[in-house]
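**Q** Sequences listed follow chains A and B, in order. Heads up, the working numbering is the position in the first sequence plus 184, with the first residue counted as 1. Heads up, the working numbering is the position in the second sequence plus 20, with the first residue counted as 1.
Treat the hints as calculated values from the structure; they're not laboratory data. Beta carbons are placed, not taken as given, at the ideal position from N, Cα and C, and that holds for glycine. Check before you lean on any hint, since a few could be wrong.
[As the list claims (entries may be wrong)] Restricting the straight-line Cα-Cα distance to at most 25 Å, the calculated cross-link-like pairs of lysine-lysine (BS3-like) are:
no., chain 1, residue 1, chain 2, residue 2
1, A, K452, B, K204
2, B, K204, A, K1016
3, A, K867, B, K525
[What the hints assert, rightly or not] Computed footprint of chain A on chain B; a stretch qualifies when at least three of its residues, placed anywhere within it, have a C-beta under 8 Å from a C-beta of chain A:
no., region
4, 177-183
5, 196-208
6, 264-270
7, 275-286
8, 350-363
[As the list claims (entries may be wrong)] Just a few of them, taken from the derived set where beta-carbon distance is under 8 Å, the chain B residues facing chain A:
no., residue
9, E64
10, K242
11, I389
12, Y522
13, T541
14, R543
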Amino acid sequence: MKLLLRFHTSSRLKVRVLLLGILCFTALSLQAQDLPITGKITAANGMPLIGVNIQVAGTSRGTASTADGSFKISAAKDATLKFSFIGYLPKEVKVTNTTPLEIKLEEDVQKLNDVVVVGYGTQKKATLTGAITTVEMVDKVGQPLTNVSNALQGVPGVFANLGNSQPGVDRSTIRIRGVGTLNNSDPLVLVDGIEYSMDELNPADIESVTVLKDAAAAIYGSRAANGVILVTTKKGKGASRVNYSYYYGQQKATYLPDIIDDPIAYMKLKNQANINEGKAPEYADADIAEYQAGMATDHFTYPANNWYDIALKNGVIQKHDLSVAGSTDKYQYRLSIGYLNRDGILFGPGNNENKYSIGINASMNVNERLKVGVTMDGYYRNYTTPFYTSTWSYLARALPILSDTLQDGRYGNSWLRTLGRNNWENPRMLAYNGLMTKTVQRFLTTVFAEYKLPFGIMYNIKFGVDKYDGLLTGFTPRMQTFNPKTGAAINWNSPATAPRSQRTDYNDINIHFYNTLNWNHQFAAKHNVALMLGASYDNFDSDSWGTSMYGYLDGTLDAFNAGTVWNATDGNYTRDVLQSYFGRLNYDFDGKYLLEATFRSDGSSRFSPAGSYRWGFFPSASAGWRIDKESFFQSNFIDQLKLRVSVGSMGNQAVPLYSYLPTVELGEDYSFGGTLNSGGATKKYVDPTIHWETTTTYNAGADINLWGNRISLTVDAYKKHTTGILRAVNIAAQIGNLTGPQQNIGAVDNTGVEVVLQYKNNIGNLDYGVYGNVSYNKNKIVDLNGEVVYNSDGTILKEGSPIDAFYVLQAEGLFQSQEEVDHSAKQSVNTKPGYIRYKDVNNDGIINGDDRVLINTSSSVPKLAFGFGFNLGYRGISLSAAFQGISGVKVLPVANLAFPFYNGANATKEWETDAWTPENPNARLPIITTSTGYADNFQRSSFWIRDNAYVRMKNIQLGYALPDRWLSKAKISKVSVFINAQNLLTFSKYKDFDPESVMNRADLYSYPMLKTYNGGLNVTF
Amino acid sequence: MLLFKPRKNKLMKKIFLLMAGAGFLAMGCNKSLLDTSPHDRYTEATFWTTPEAAAAGLTGCYSVLRNDGIYGGKNSSGGSATALWDETLSPNAYNYSNTMSFNFIAAGQQNASTGGIVTARFGDCYTGIGRCNTFLAKVDEVPDMNEDDKARMKGEAKFLRALYYFTLQTYYGDVPLILDPPNKETQGKLPRTPRAEVVAQVITDLDSAALVLPASYTGTNKGRATKGAAMALKARALLYEASPLLNTTNDVAKWTAAAAAAKAVMNLNYKLFGDYRALFLQPNENNSEVIFDVQYIFPNQGSSFDLICTQYNTNAPLPDLAKAYYMKNGLPTSDPASGYDAANPYLNRDPRLYATFTYPGDVYKGKKIDSTRFASTGYGMKKYSIYDSITPPSDKSDLKDGQSDINFIVLRLGDVLLMYAEAQNEAAGPDATVYDALNALRDRVKMPHITPGLNKEQMRAEIHHERRIELAGEGLYYNDIRRWKTAQTELNTSIFSWSGKYLEKRSFNPQRDYWWPIPQTERDLNPELTQNNLY
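With the rest of the complex left out, here is chain B (with noise of 0.2 Å):
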């Protein structure tokens, strides 16, 4: 401060003058001053220029199957679990908290403002939609692409978004068909396509994408999607459609269409995985029986599949289901010749009981249980969770959220064979090939072979029971009784714990519950969006 001395006063009087100046000119030159740009994230028009960019953007398509509408693990705290709750809408399983409001559906209480799965599988389908669209928009701007790998990918965004249709179709009819990338000003207020404009897209995405798909994948790029997989969703849409709820006339050539899709991918190289236990664990992950799985790793990818099943409990299964188990000599229960014994209900059971849940007096982790281990209904499910009767290591002892591993089973040769069999013995009825491809699934688990001899009707209740066991804890079987409209008996009862006590009445309404409700934010948000029924 003392080096200012009054002597200094014309320098400095310059200095501030020059300084007075500069600070005004400065700034008024520099136009670029105000010119930033994010470091964190991509223009639009500087991303899609490279192949590495495109493959990026074609895992995003990918990345939306963790979504928590779609098949879960991906939220805001950890992890969901939604590809298991979809089987607590069906009568093999109870979701007694009613996370993401699944117990709502399955007790015929929701509506449009409930929220929960409702509107989250009506969003995530438009994520994985927007985005597939986008991918095949754009990437044919990106130069230097190997062509073979361009047209492999678009392969896989057609099937992704077949998917996705598929999905979003399945659950609520008739939606919007949009196939361009996401534009507010065009799409905002299209109404809703007829559901069977959907399908046929869904088919022409799957026709064109096994077209262009490989068969298999080797390395790193396991778990995208093959050739048997747009094949095989195809069968599963083909089945669907051809099911009293979408027949309703029904035509004998749509049994006849879905036979020959199932068929088709019979035709190629899946194998049935030895170990029904087996298939569901992480080891055997991508195995030659899986058509095409949801890819989870631990710790970046997990989903809460362990967590729910082990701790939460929030896919109890139900003695509805315990019962439908037959014995291991191939008879039900129900029959007195069967040898079931009421005070031994779990002796002698079909194996695949053991391998798909715990029951009271089981031996879990370790350790034998009681019937407070599970308390909602005294079972728990094991499918898809790493435990089972030995003690865990002691870092897997506990997974929590979004710590779960194995890979969800979307489509699998057991899945296709019993699509084959029940489409044929409707198309066709029960001939040879029906009963084969029952009993190859009969025989992994060393079940007798289905009674010969069986006409079209017993066939059919065959082979509705069969898939209820095989495919049980898969998230497929309230789908199924809605197609085959047997909900309304299947889901209009009350359910019970292990031991017959009472836990809550459900309720279906034909008229209203086939469907689910547009989403009120949706009807909000585009009111050129109709209501389905009695909503």
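If we strip away everything but chain A, and leave its shape as in the complex, we get (with noise of 0.2 Å):
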């Protein structure tokens, strides 16, 4: 880069002096003794190859192989040629004479050899016979991933969305193929073998992310019904290298509401809707026109401020990493440190993020017979927030009229009188005083040991141990808010509470224990058999207590011994267990005819001991067949035509603990004559008989490798089969109000195709790929009782339908006359020209609950997911972009800003223009109200409902490699830089927020998706 930059800064007489200088030096070059080479390059089998690159090494002079094969170049004596070519291994030949040469490429087997992790142990991606996607980390290097879960992204048949981009908890919400259960749906995450958060790792040490989507997945059978996700950390291989990466970047929120920032016009509007619904006006003109004169000279007592513009700065981000890797045949290891830290884009300390990673990864091979190796991957992170977390609700509560400081620099509120707003959130005031931390050490430490028995037995065994410690502090001084014409104070807080330090400690500790036998045999070279059998133990203890204390003279200390007054301490503690046996039968024939079976039992302590509810039985099996290896079968350009069906059962068991006991918990408390009593009560409705939720999945595919591995094409059609769903029902009131138990409801269908296509190939130096996949899913109910499930925001469950569909009033436009009201279906009181018309369904003659038409769309699982991409490379440069996108999903936020004046909010510009006047009787928003003064036009209604598919570009990313021959003297391996941007562009219909954000929220103040723009570097010695 500063090369370039002083190129630039340079003066032209320079330039031509370099150029001049460059053209010489190659011209001598070309005439010292360069022979003029030949040559024919072909495929092993002897089919000519075309477009074969060939280099001359250390020089940048190349060309490609022609349509029969041959090339010509010219290349100094003892200079050495250099042929690559994707899906052939390289080849370098010392040029000696003139002599035309005969080249052959072999087949790069490897590449058909590699290998994949698949549960307890790994299979050759060629012999597989599940649904599996493998995500390359080095796929994503440079880009400012600060979770792992946000690397899948775009992975096919993997929804991940991330809600919510908040310093220290932006993760994504991992959806594989739909949502087959209606409780956690969350895939099992191993790390290594051991179940842990991916996104307690630094992604810079991860290998690798593998999906199992179909029975692939059965050998975890417990926990494997929402799919499984094995993440593989990198390890030491082949010589010794140190790596060291930097990155930084600026962040901006990708979209936020519009909203009215012009005092007057807000005011204006205000009134306009307080009188449409019968009310008072709720600022007097006379007030509006004194704070229209005073705007001119007073900007402390008449403020026209947009809350968003105040709060939101650029954030920053910024990643460094090191490591140290290298392996021998007796002993491998890497060791790696961490460093993130991120500054939101909030003011003020309360959105701040530092991680600290550490990974050690080290084994040994003690002798022939005897492994052993050791991991600890981990974090020390902590992230801040504001002591009243609700930042973003206060910002979409702010006004224009809200004083931002007076002048003397005290927190400002209104002076202007306004009804729901009887205690200012002044979002500075929240923003810089008080402050919340969150400090997590968070290990996952493994030892293990693997041991060659006689008969070609291998015992492998593993224990981990997962820690997590988290302490979540808080202090928060009084505050107050000052009228800014009177002075007049508002406690914000109490100063029976506030200042006020509170503490809460975490202690969880995880550990998992398993170990396995493995046997592979061939028997009369064709007949490949391995069998691996083995069993697990999971314990979860979690542990937790927080405490708090008042009485401090002031705001300035915040430790607990400063503090005077003791108040209450709370805690508690829960443990989990898992046990587990299962085992695996590979069989193929000669690599063609391939066989798996699984089982696996699990037994978990979420269940009744009575009766046979405990324990699980998930068998699986599936086939593949490389039709490519057949004799029969002659192509000269398929490289690889396989197909694979597989059919398996997997369980889920996310439930609460002890759902199935029925339980008296305490905290019912009652005083008497002053004293506190202890009390206690049933708040649950148990099924004691509530047992494993199961999902059986079928799976039929086929991968396809044509011209070289050029085109690489994956379909898979599935069917996820989920019965006996665990869901907490509702149950009516009478019956004592309790809480609805947990139960085996019903039965999920998800039927998709996904399908992956690749096309990669050079011309000359320019290496190019694009790629693209498409996962189509399809939910649907298909038992539950024939009951109907209703969730509390306007969605249901209904057999036929998906889960989450919408159940809401069908509008039909909106009323434009007295005597349309008048003859239409009864809604309210005051229902008159403007307001939404709503459909009599049942012709009653009352617009009610029973009203309500089912909506065929679910409001959390789309239809369709989408990603596709390139990357170009160009002798060192390189360009990629990948592109996400989603469709048939639906969303219906609610309260603040979604809606105007939601209690004392505001409303968004589109309000101003496009709500129903008489004049104006063809607009798209009802005439305006407030949301929640009157209520009728902003019951949940297909008006409402919001299209949010859209597609994004994830990613952008330029990257150069410097050229070796500038390294090898600095003794540097390699250095690349890059500079990306993330989030760069978004299209979607949906306005009033990020449309990724919105998805399974119902409202608008997450904290936004952000853009980022990012550069750094990447250096190997």
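The two chains are supplied separately, each in an independent frame; assemble them into the complex guided by the hints.
**A** Have a look at this one:
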């Protein structure tokens, strides 16, 4: 970069001299003693290879082979020619004379013999029978990934949704092949075989992430129903190397609501809203006139504040990673440290993050039979939030008339009385005063051993400890806002409880243990058999407690011993155990016919020991056929044609602990004579017969590689049939108003197709590749015992519909005249022209809950998810871009800003122009009213359901690898620099907020998605 | 690592074989590995085994009184003040911000999907009922219980069950009557029971409670249900039953029964508390006039009464109430002889006005207040707030969510005297006992006695008025105007601020609004539940 810069700033003369010098040098070297070299390149079977890249080592000279495989190039005597071609092993040939060269390139069988990580082991990709997708983290180098889950965006069959970009909690929700369950749908994540959170690992320490989508996951039977994600950490390979990488980026919000920021326009529209709903105007004309006059001279008392502008700044993200790794035949090791720092886009100290990671990965062949190893990966990290954490909701409620500060720096409120705003939430005050800090130390430590037993049996044992220590500390000083006119104070928090210090301690330890026996054997050179048997034990202990302290002299000290009034302490402890046995049998005949069978039996403490509810049995079988290996199959252009089928069952136990046990909970206290008495009550209804939810997955797929593996195509079709779905069911209040039980309530089908297509090739020195994938998933509830489950957000579960389909009133446009209101079904006493007209579905003359209709679109699972992208490489320069999108999902956000003037909040600008008035009868929006004062228009109805389909450029990256010849002198093996941008472009009809963030949310105030501009370098010694 | 030398191979091999076997075996044999039990809750099977647990189970029945849907105080974000918001359903007060949808009901805009109090009250009544039913079914299984204690505790549970059912049928009419512990199979699809049967059960429970409950408690039992509480609640239930909304044939026997029930409470040992304002202040909790109150204590079990009275103003008194107070001389403001001065409207009024709310020009918390202090109507409620004219101590200057300590009085002698007067006047006409009951309340606040010689209708109007004044701010007036069937006029008006500024229009549909809708969520979950008329 420096060189380039200098190049630009130097004078033209200098440039000319430089160019001349280069030209002379080149000419000179050509003249030296160059030999004209010719030759022909063929594959092992004699077929000529077209487009093979030929390069003279140490120079920039190169060419490509022609249609008959021949080439021509000149090179110095004793120079080395490098031949490279996709799908073939590279070859180097020393030039000694001008005899035409006969070059034969070997197929890169290694590529086809790539191993992929499967449950409790690895398998050759070529003999896989399951639907598996692997993300190589090397493809993500340079991207500002704060968490590993965010790297899964755009992976076929995986829907990764980042709903919240707040530093410290910016993790994607992962859904694999739709939502099979109505309960927890998170996939099971294993790091090097041990259950762990992938987001507690430094992305730089990860080699690959493998997603098991079909019955391949069945080996993890117990909790595999939502798919399994296997994370493999990096290990030392080959000569010892030191790698350092760094990036720096700036971030800002992608979308923000378009709020009314003109105070006069705001007041006038609010008044109109009040008048429309039959109430007195909120702001007196005299006050508005005074405001308008005052704005010119006194912006403290008469502000025109756009609070998003005030509160947001550019965020900064930077990351350093340093690692040392290497291996010999005796040992391998990798040590790494990393540091990530983020300063979020919100003002104040309440959105910072620091993550310090450490990774240790070492193993040793003690002798020819025994190998032992240890890994330790994890974070020491902390992040901050404001003490009163709802900053985004406060911002969504901030008004243009809310004073930021007064002239003397005190925090302002507004002199204009606004109903619903008794205690003004001044965002600046709340962002700069009072802080919560969460500090987490979480490490996964494992020790393992492999021992070769007689008869070729391999014994593996692994023991892992996942230790989580969390400390949440918070302190709030007393806060006050002041009337900008009178100086009168409003206490934000009560002197009785502030200043206040509080701490919560989290102390979790999860212990995982498994051991397996493996046996591989080849019979008669063609029959390959592999057998694995194993057992595992997982124990989860969780302990937390918290307390708080009042009685501080002022807001400066926050230690507990600086306070005087001790307050309540609270805490909880839980334990959860899983015990499992499993096994796998693989058989292949000559690499052509592939068979696999697995079983797993799991016991869970979450189910009743009585009856047969506790243990579940989950078998699977799969088969593959390598048609290309058949003797009858002769093709010059098909490198691989494999058909796969699989069927298997998997379980889900995701119910809260002790859901089967009728309990009496404490905390229902009451005082008599001024003394608190402990009270207990049954609060939950319990079904003691709950048991494993089971998903049976059917998958059929094909892997096709064509033309020297230039084209690869994978197609899968699947059906996931989930029975005994576990779900908390609401029950009628008359049954003691108890929380409904967790029950096995019914069955859901997910059917879908996934297609992944890649094409890669080169034109001379230009390597290029394009890829695309598309996943279609149809989600349908097939059985609910004829019942309907009503969710609280206007969605339902009903046989024949997708999960969480909307069940709302049907809007039929807007009333245009009083006559029309009078002749329509009765909605409310206030209904008048401009209001939404609902359809009287049952024709009883009253609009009520009986008129709701089903809208057959899920609110949570997209029907279509797709990703596509390209990459280009030319002599060390690389350019790549990745796109992602979804469609077939709808949202219905409510409350602040999604609806106008919600309990004293603002409205978006569209209400100024697009709302119904007698002069604007064809308006898109109904007549303006406050959404809390007049609820009828803002009932959940089809009117407010929005399509949030989007296509987004997730990443675009330009990189440059410095040429070897520059580096070899400095003994550096590799240097690359890159710049990239994340979320640069988004195409969506949905404009109110980020279309990705708004998914699965009922409001618009999460930390928005971020646009990141990023640059950095990567150096290997 | 260096320790592992080749010669140790044999040993290593043995160790690993052993471990391999052990690993598989250990996990195979130990079935109890999976048996975990909770550390933070009892199982139903182990809970009802000690007298302490039985006491805690009963406490759980009381704790529902503080739920949002009953009297309020317990919610996730801190506190609520439902008991005070109940007043905003009536012409006495205004909930401008529509907290828990109270204003929708006041304005006649409620429907089955309104949520808020409509949903909360239905659910929370059943929370209490379910707990009482469980307690009554389980307490007999508890060993080593003192029989007297057990009988008393059953009486308390029956009183609470009656209170929850009384509340439920008051607002929703017919509701499923369930007397057994919660059971989804047997109770989940039960239809609504005719209201008369529900009330009959309320009376049965109260009668049996009154038999076993003590007249009073001492020390750390104060606040439990007493004999008087059961009898007073019965008097209220019978009064409601005798009223025009429910007693459509004007059966005089119902009024007689109501009068007798109230009279029985008057014969107990309750005395009017001398100071009307101080009756509602924390130092005087559980005083001689209090028959049953909801217990609040800070910091664990507070309410938000002070917060809403002094800051949120979500129970803002309305000018219609202010006008209703008589002059100190006992004459209504509309009487030209009263001396009412429209320029000084708060001069020489019934002292209960000053004790109940603050008005522009009043001194409040040590400061003279202007019309913007309580911006929604100009008035701020004092009753059930610790705040008065004096400056509060600094640690109490600004109580927030859930920080109010004062108990809420559900039943007091003053109310019972008015119940008696009303029922007796309807049953027997305005006899001397009617005058005595009313004048006792007048005497306390040094107001002139009721004009002698009123006829029954005149006396009825006087009693209705006296109830409104005496009980203003206590959440009873909405049910009074419903049962008198006057809501259709009193709630079919526009409301205004102190200065006459229009606030909003209220409406009341007599065909529909005398009853609340059965919440839509309940009808979704139990299709057997019918809906009230026109919802």
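**Q** Hint by hint, say whether it matches the structure.
**A** A quick look at each hint next to the structure:
{"no.": "1", "hint": "K452/A with K204/B", "verdict": "53 Å, violated"}
{"no.": "2", "hint": "K204/B with K1016/A", "verdict": "43 Å, violated"}
{"no.": "3", "hint": "K867/A with K525/B", "verdict": "41 Å, violated"}
{"no.": "4", "hint": "177-183", "verdict": "violated (count 0)"}
{"no.": "5", "hint": "196-208", "verdict": "holds (count 8)"}
{"no.": "6", "hint": "264-270", "verdict": "violated (count 0)"}
{"no.": "7", "hint": "275-286", "verdict": "violated (count 0)"}
{"no.": "8", "hint": "350-363", "verdict": "violated (count 0)"}
{"no.": "9", "hint": "E64", "verdict": "4 Å, holds"}
{"no.": "10", "hint": "K242", "verdict": "4 Å, holds"}
{"no.": "11", "hint": "I389", "verdict": "12 Å, violated"}
{"no.": "12", "hint": "Y522", "verdict": "5 Å, holds"}
{"no.": "13", "hint": "T541", "verdict": "7 Å, holds"}
{"no.": "14", "hint": "R543", "verdict": "7 Å, holds"}
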